[in-house]
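Undergrad: Residues per chain are reported as follows:
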Amino acid sequence: MKTIEDIEKIRKAKREELDLRINTSADTREKHILVCRGTGCTSSKSPKIIENFRRIIEEKNIKNVRVIQTGCFGLCAKGPIVIIRPEETFYAHVKPEDCEEIIQSHICEGKKVERLLCKDIDGSVVDKLDDLTFYKKQKRIALKNCGVIDPEDIDEYIAFDGYKALEKVLTQMTPDEVIDVVSKSGLRGRGGAGFPTGKKWSFAKMEEGKEKYIICNADEGDPGAFMDRSILEGDPNCVIEAMAIAGYAIGANQGYIYVRAEYPIAVQRLKIAIKQAREYGLLGENIFGTGFKFDVDIRLGAGAFVCGEETALLESVEGKRGQPRVKPPYPASKGLFAKPTVINNVETLANITKIILNGAEWYASIGTEKSKGTKVFALGGNVNNVGLVEVPMGTTLREIVYDIGGGIPNGREFKAAQTGGPSGGCIPVQHLDTPIDYESLSSIGSMMGSGGLIVMDDSKCMVDIARFYLDFTVSESCGKCTPCRIGTKRMLEILTRMCEGKAEQDDIYKLETLANNIKNASVCGLGQTAPNPVLSTLKYFKEEYEEHVSDKKCRAGHCKELCDIKIDPQKCKGCGLCKRNCPVNAISGEVKNPHVIDQSKCIKCGTCVDKCPFKAISK
Amino acid sequence: MVNLKIDGKEISVEEGTTILEAARQNGIDIPTLCFLKDINEVGDCRMCIVEVEGRRGFATSCIQKVEEGMNVSTTSNAVIEARKTVLDLILSNHHRDCLTCNRNGNCELQAIAEKLHVDNVQFEGEKTQKPIDDKSPSIVRDANKCILCRRCVSTCKKVQEIGAIDCVNRGFESCISTSYDSSLNDVNCTFCGQCIEACPTAALREKENIQDVWRKIRDKEAYVVVQTAPAVRVALGEEFGMPIGTNVTGKMVTALKRIGFDKVFDTNTGADLTIMEEANEFIERLKNNGVLPMITSCSPGWVRFAEQNFPENMEHLSSCKSPHQMFGAIIKSYFAEKYNVPKEKICTVSVMPCVAKKYECTRPEMEVDGIRDVDYVITTRELAKMIKQANINFVDLEDTNFDQPMGEASGAGAIFGTTGGVMEAAVRTAVDTLEGKSIDKVEYKEVRGEKGIKEAVLNVAGKEIKIAVASGLANARKIMEQIKEGKSPYHFIEIMACPGGCVMGGGQPIKNSKTRATVDVAQLRKNAIYTIDEKSTIRKSHENPVMKQLYEEFLEKPGSHIAHKYLHVSK
Numbered sequence: 001m002k003t004i005e006d007i008e009k010i011r012k013a014k015r016e017e018l019d020l021r022i023n024t025s026a027d028t029r030e031k032h033i034l035v036c037r038g039t040g041c042t043s044s045k046s047p048k049i050i051e052n053f054r055r056i057i058e059e060k061n062i063k064n065v066r067v068i069q070t071g072c073f074g075l076c077a078k079g080p081i082v083i084i085r086p087e088e089t090f091y092a093h094v095k096p097e098d099c100e101e102i103i104q105s106h107i108c109e110g111k112k113v114e115r116l117l118c119k120d121i122d123g124s125v126v127d128k129l130d131d132l133t134f135y136k137k138q139k140r141i142a143l144k145n146c147g148v149i150d151p152e153d154i155d156e157y158i159a160f161d162g163y164k165a166l167e168k169v170l171t172q173m174t175p176d177e178v179i180d181v182v183s184k185s186g187l188r189g190r191g192g193a194g195f196p197t198g199k200k201w202s203f204a205k206m207e208e209g210k211e212k213y214i215i216c217n218a219d220e221g222d223p224g225a226f227m228d229r230s231i232l233e234g235d236p237n238c239v240i241e242a243m244a245i246a247g248y249a250i251g252a253n254q255g256y257i258y259v260r261a262e263y264p265i266a267v268q269r270l271k272i273a274i275k276q277a278r279e280y281g282l283l284g285e286n287i288f289g290t291g292f293k294f295d296v297d298i299r300l301g302a303g304a305f306v307c308g309e310e311t312a313l314l315e316s317v318e319g320k321r322g323q324p325r326v327k328p329p330y331p332a333s334k335g336l337f338a339k340p341t342v343i344n345n346v347e348t349l350a351n352i353t354k355i356i357l358n359g360a361e362w363y364a365s366i367g368t369e370k371s372k373g374t375k376v377f378a379l380g381g382n383v384n385n386v387g388l389v390e391v392p393m394g395t396t397l398r399e400i401v402y403d404i405g406g407g408i409p410n411g412r413e414f415k416a417a418q419t420g421g422p423s424g425g426c427i428p429v430q431h432l433d434t435p436i437d438y439e440s441l442s443s444i445g446s447m448m449g450s451g452g453l454i455v456m457d458d459s460k461c462m463v464d465i466a467r468f469y470l471d472f473t474v475s476e477s478c479g480k481c482t483p484c485r486i487g488t489k490r491m492l493e494i495l496t497r498m499c500e501g502k503a504e505q506d507d508i509y510k511l512e513t514l515a516n517n518i519k520n521a522s523v524c525g526l527g528q529t530a531p532n533p534v535l536s537t538l539k540y541f542k543e544e545y546e547e548h549v550s551d552k553k554c555r556a557g558h559c560k561e562l563c564d565i566k567i568d569p570q571k572c573k574g575c576g577l578c579k580r581n582c583p584v585n586a587i588s589g590e591v592k593n594p595h596v597i598d599q600s601k602c603i604k605c606g607t608c609v610d611k612c613p614f615k616a617i618s619k
Numbered sequence: 001m002v003n004l005k006i007d008g009k010e011i012s013v014e015e016g017t018t019i020l021e022a023a024r025q026n027g028i029d030i031p032t033l034c035f036l037k038d039i040n041e042v043g044d045c046r047m048c049i050v051e052v053e054g055r056r057g058f059a060t061s062c063i064q065k066v067e068e069g070m071n072v073s074t075t076s077n078a079v080i081e082a083r084k085t086v087l088d089l090i091l092s093n094h095h096r097d098c099l100t101c102n103r104n105g106n107c108e109l110q111a112i113a114e115k116l117h118v119d120n121v122q123f124e125g126e127k128t129q130k131p132i133d134d135k136s137p138s139i140v141r142d143a144n145k146c147i148l149c150r151r152c153v154s155t156c157k158k159v160q161e162i163g164a165i166d167c168v169n170r171g172f173e174s175c176i177s178t179s180y181d182s183s184l185n186d187v188n189c190t191f192c193g194q195c196i197e198a199c200p201t202a203a204l205r206e207k208e209n210i211q212d213v214w215r216k217i218r219d220k221e222a223y224v225v226v227q228t229a230p231a232v233r234v235a236l237g238e239e240f241g242m243p244i245g246t247n248v249t250g251k252m253v254t255a256l257k258r259i260g261f262d263k264v265f266d267t268n269t270g271a272d273l274t275i276m277e278e279a280n281e282f283i284e285r286l287k288n289n290g291v292l293p294m295i296t297s298c299s300p301g302w303v304r305f306a307e308q309n310f311p312e313n314m315e316h317l318s319s320c321k322s323p324h325q326m327f328g329a330i331i332k333s334y335f336a337e338k339y340n341v342p343k344e345k346i347c348t349v350s351v352m353p354c355v356a357k358k359y360e361c362t363r364p365e366m367e368v369d370g371i372r373d374v375d376y377v378i379t380t381r382e383l384a385k386m387i388k389q390a391n392i393n394f395v396d397l398e399d400t401n402f403d404q405p406m407g408e409a410s411g412a413g414a415i416f417g418t419t420g421g422v423m424e425a426a427v428r429t430a431v432d433t434l435e436g437k438s439i440d441k442v443e444y445k446e447v448r449g450e451k452g453i454k455e456a457v458l459n460v461a462g463k464e465i466k467i468a469v470a471s472g473l474a475n476a477r478k479i480m481e482q483i484k485e486g487k488s489p490y491h492f493i494e495i496m497a498c499p500g501g502c503v504m505g506g507g508q509p510i511k512n513s514k515t516r517a518t519v520d521v522a523q524l525r526k527n528a529i530y531t532i533d534e535k536s537t538i539r540k541s542h543e544n545p546v547m548k549q550l551y552e553e554f555l556e557k558p559g560s561h562i563a564h565k566y567l568h569v570s571k
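Protein chains in written order, with our numbering: chain A, 1 to 619; chain B, 1 to 571.
These are computed hints drawn from the structure, not numbers from a lab. Keep in mind that a hint or two might mislead.
Only pairs whose alpha carbons sit at most 27 Å apart, straight line, appear in this in silico DSSO-like list of lysine-lysine [said to hold, decoys possible]:
| id | chain 1 | residue 1 | chain 2 | residue 2 |
| --- | --- | --- | --- | --- |
| 1 | B | Lys-115 | A | Lys-339 |
| 2 | B | Lys-127 | A | Lys-327 |
| 3 | A | Lys-320 | B | Lys-478 |
| 4 | B | Lys-127 | A | Lys-199 |
| 5 | B | Lys-5 | A | Lys-327 |
| 6 | A | Lys-519 | B | Lys-115 |
| 7 | B | Lys-127 | A | Lys-502 |
| 8 | A | Lys-164 | A | Lys-128 |
| 9 | B | Lys-37 | B | Lys-158 |
| 10 | A | Lys-339 | B | Lys-65 |
| 11 | B | Lys-478 | A | Lys-327 |
| 12 | A | Lys-210 | A | Lys-14 |
Nothing here was measured: the structure is a model prediction, and the numbers come from that model.
Model the full assembly from the supplied sequences, consistent with the hints where possible.
TA: Here you go:
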């Protein structure tokens, strides 16, 4: 077990050693080769890259160079990513076979490997990480350590103020003072609903009883969202430390991290972090000699989306079928095993240590009036820079899509951005300049959700998008309450009819009726928000629904049953490219004469549209 | 007291009352489907939603407790529209063959559709299509009629602590099933039938034998003898709109004769016979250091439970067959010979408050020399259906007595129909036997009442005898765990599978959720049974002249070789 002094000693020594990680002008002869070991880069062979670097360094007997695995850098589209510190050189799309060249050229000869340097949207070569437009508007609080430290080494976490916040609360603050700081910071739950974290803690603190629990909700389930995974993979200790702080604040001695089993790297790193924290006495009995006792265990989720709903999560932790409880009572009064329980999302917890160390005022100075701090978004879809971004609340959608995301690829137009996953809605172009926070998003028919942000260009059919999300909800509904179990299924049936050109005139009315009543009558958040993708698309893209129903047309040309592919005889030069590429031989015509498509054979795959060099074929 | 407003009405109710209870106490009838008081309070169906002023979303009135100053609307436009949509959705996935349904006229879903005035189903779509499980002799499971309310699941898990069924799969594919989707016949189901009593629709129902019985009655060659269990007569009237707890013995006998049974006998007489044998078996075990505690074996759900869960403790169970099985064996032997009816031509039918009895009569050991003791078991509900089919105006029937020579029964036989009854009846006989004289005390109120486990200590012939009575399988498990650990303090135990005993059996008239929440059905039926006992001239089984005659002419004495052949199962 380590004392406060021991930890401080580790911190000082390690901080000095790791100065080059955050200081480009660090006075050192050392170099650190940081290789992303987040899920994305790992799946594109970053472990092999690490192995190669280490082998080559050993073979060449190079001194003063270390290869470090880190968590996610955020710019997943450029992975696998290698950063060389202190100079902060950013190599993108690195392959295991590139390692030799990087070592030889960059490390041994001091010449950057030009062909591997990351390029910005405009094609310019980026010398340093921070020069990328992707990073310029970001503010990293929750992701502060991601991509900086080795998540499997607690000493590196300690070096960057790790466990300093826990030390501070245990030695200098009362539980009420801790709650007060969190309340004043304005931090709200990052899992989606945005409930004030301080308030949640104070409710649980007020409850009688010695047995209370802290649960970290790491059951991230929105399609495309991976901010929680990245935090756990890149900085697991910051979550564990925050749980201990929450435990101290409400009077709990046990925490559980409920994490999906599909996140094996996150689970592994959490296990290592918990083990190391226990060895240092940062978890367990009498932490820092203050008499405070707190421990954390992991509970694996089996992948049911509904288990991200806090009461379903509680059922699952208790070993029961994951389905929600009717609220009230709320978990703060009757939670895990009917004891007062605080359930916080990973990203929420990732803000805690920084708030404790920098103060409530500092945190409250970031963001908008009602939404403080930053929010991490998983930016995806039709956008140039796909990845994880952390921006202050109040940043506009336009800034995220165009400045950070680098705009829409292939010269297409922005059509909508989907936030909040299956619980959220689609935001159309007229709301691009809305500053994003909890209130503004819900006022325009969407919601913050856990932070999925999917950009859609004009090739997307909004009816089909709604159908996609309903399809997800239908398969993830737990089946407990009627409106969600049967209602979402009926909505999906109607949307499928629309996309297949079989809709009847009153289907839009039926869809709206179902949506409004499911929203009102469902037991839990899943059902209550499941109609949002439909309601928001109905609000902003109603004409597309009407076209699907009345005209049997899909303006985006996405719904196959609703579009005919036609060759414009004026434009067709009779080159025969379309005919040769048609997989079902539906195109006929003589060379140098206009070709025609046999609609009875055409499967509307669109290959001919893409192949035609004269743009003579359209949907 | 808490003051609140429901639908504009100022009311005051006790703290801890739910909005639903508060509304009902004040004449406001909020519809419910999944709600089953104290058993299934989960808020799944969403029928009972109400609007509470100032609160986001609807409140679940069956769970939500009243709060001071609450302003509740059960009929706001939003609530009515949502409730109607929810019902529409349930109906859209329901096989709406009401006219030919087992629960036609006694279905909670049908009643709500009528109450909410559903005139069409708007949101039609894919329907659940599952095979019907009718492999067991007792219970049919039809997922196509299931509305996923989970009343059966909670009953099986929380009341009986069996857990034979639970929800499997997710979303629209969710359904109530067994482990590995096996038949109820092949899992740990005890056939107690409490799930049927809990089911608001016909997703769970008894395996009917009505047609089998009609066929036999119409068969000129067959000599069809019917017997009726003690608990049937105090519940049958409910199926004809009579008050709960009405004793309709006379009308029932008349109806059975009108239906065309050749003889109508009383299982109470069989119960007296069970007491003769069981009391004797107990005394023998007591005197000869036999295995104690001895446990009654009249309840086939309980016996199946014991076999499945405590196979190593089966020697504690009495070797006696249950009353109707004993009586069936006597009808096909003693009665057949005495009245010169060829035993192969006799068909014995038992009317029982129980679905496990259907299974019991098929058990291999329930026969003598290849002749089955009982051929068919029908439930109280099935008898009511037969009476209706036979164009009988039940309510106006005159009374008739059971047929002789075996129509005589004691009050001890009558109380078999309620928890504690078998024990009380056995004690009446055992005490007289041990004391060697007729004791004045007849009623043993310490074994009556609704407690799940009742205990008493009797001082008989200088000996202290500890007895216990348990009803409901959760309580049975507690008793058996004690025995398994060698810590059971008792000499004699009565166990019934159904909570409250046979009056609340799985074959009895089904009471809807509201009745169950507001009326003590068990108590009313029990009262009727105890009244029958009180009014009986003979209140001890061994004083029944039929018993005396039966032993003199046929069975020799309790526990004799011939008694064992007909009335006991060999172990």
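Undergrad: Hint compliance check: list the failing hint numbers for this structure, sorted ascending.
TA: Checked against the structure, the hints that fail are numbers 1, 2, 4, 8, 11 and 12, while the rest are satisfied.
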